Amino acid sequence: QSALPVQIQRTNLRLKKLAKKGNGINYDDLEEASFLLSGMGDVSSSYDDFKLELDKLAFRLKELFELNRGILTDDVKVHLLSRVLFQEGGYVGNQDSYSDPNNSYLTRVIKSKRGIPISLSVVYLLVANRLKLPIYGTNIPLHFILHYESDNFSTFIDPFHGGVLLEKETCEKFLRANGFDDVSKFFDKTGTLTILK
Numbered sequence: 001q002s003a004l005p006v007q008i009q010r011t012n013l014r015l016k017k018l019a020k021k022g023n024g025i026n027y028d029d030l031e032e033a034s035f036l037l038s039g040m041g042d043v044s045s046s047y048d049d050f051k052l053e054l055d056k057l058a059f060r061l062k063e064l065f066e067l068n069r070g071i072l073t074d075d076v077k078v079h080l081l082s083r084v085l086f087q088e089g090g091y092v093g094n095q096d097s098y099s100d101p102n103n104s105y106l107t108r109v110i111k112s113k114r115g116i117p118i119s120l121s122v123v124y125l126l127v128a129n130r131l132k133l134p135i136y137g138t139n140i141p142l143h144f145i146l147h148y149e150s151d152n153f154s155t156f157i158d159p160f161h162g163g164v165l166l167e168k169e170t171c172e173k174f175l176r177a178n179g180f181d182d183v184s185k186f187f188d189k190t191g192t193l194t195i196l197k
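Per this note's numbering, residue 1 is the first one in the sequence shown, and the count goes up by one each step.
Simulated from the structure, these hints should not be mistaken for laboratory data. In this text, all values refer to a predicted model and were calculated from it rather than measured experimentally. Note that CB positions come from ideal geometry on N, CA and C, so glycine has one too. A portion of the hints provided could be inaccurate.
Stated by the list, open to error - Between beta-carbon pairs, the in silico distance windows are:
hint, residue 1, residue 2, range
1, Leu-72, Lys-17, 35 to 41 Å
2, Ile-25, Gly-70, 29 to 35 Å
3, Pro-5, Gly-179, 39 to 45 Å
4, Gly-70, Asn-26, 27 to 33 Å
5, Leu-72, Asn-26, 19 to 25 Å
Please put together the full structure from these sequences, using the hints given.
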């Protein structure tokens with residue numbers, strides 16, 4: 001327990017430095033910051049174990065990219081990433097215990113393979129970032145999702161529901177059905193600081 005105040009001070013210091021960098025969308029600092037925040041509720045977490053799991057997922061994805069080099073379109077990349085995380089990795093939306101705080105501590109999400117939309121999206125982002133894939137957070141109200149956007153391909157991804165791909169129109173219908181009229185403002189790329197908040 002005596003380690004917790006030190007952890008709080010360290011986390012506050014690093015997050016202050018991160019905040020000074022601004023709300024960038026390159027996600028280079030997202031991994032460290034997510035780990036530090038997880039340490040607030042998972043004091044015994046190990047960064048080495050955390051990083052190793054993300055590295056293993058990225059290595060498997062790179063392996064599949066190589067095996068499918070001849071047909072490796074952006075569409076195929078997204079499907080392979082979902083396969084690695086959800087079919088092979090076993091990550092799943094925790095619908096039975098949605099409000100469990102463990103769904104928000106990324107170190108525990110990586111151990112349990114269960115999370116909520118934003119935590120599963122962060123796992124997805126951290127793996128994608130290792131391979132420089134153009135995937136960004138999309139903080140639509142009520143349900144955080146991801147957006148893959150390259151010159152040739154664009155789709156929205158729902159990690160909470162196994163990486164299902166969504167058309168923008170489907171997301172707009174979801175928002176309107178939940179009482180949001182001006183839906184265009186909800187599709188901006190979400191920066192690191194916003195995700196952490």
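Hints, verified against the model:
{"no.": "1", "hint": "Leu-72 <-> Lys-17: 35 to 41 Å", "in the structure": "holds (37 Å)"}
{"no.": "2", "hint": "Ile-25 <-> Gly-70: 29 to 35 Å", "in the structure": "holds (31 Å)"}
{"no.": "3", "hint": "Pro-5 <-> Gly-179: 39 to 45 Å", "in the structure": "holds (43 Å)"}
{"no.": "4", "hint": "Gly-70 <-> Asn-26: 27 to 33 Å", "in the structure": "holds (30 Å)"}
{"no.": "5", "hint": "Leu-72 <-> Asn-26: 19 to 25 Å", "in the structure": "holds (23 Å)"}
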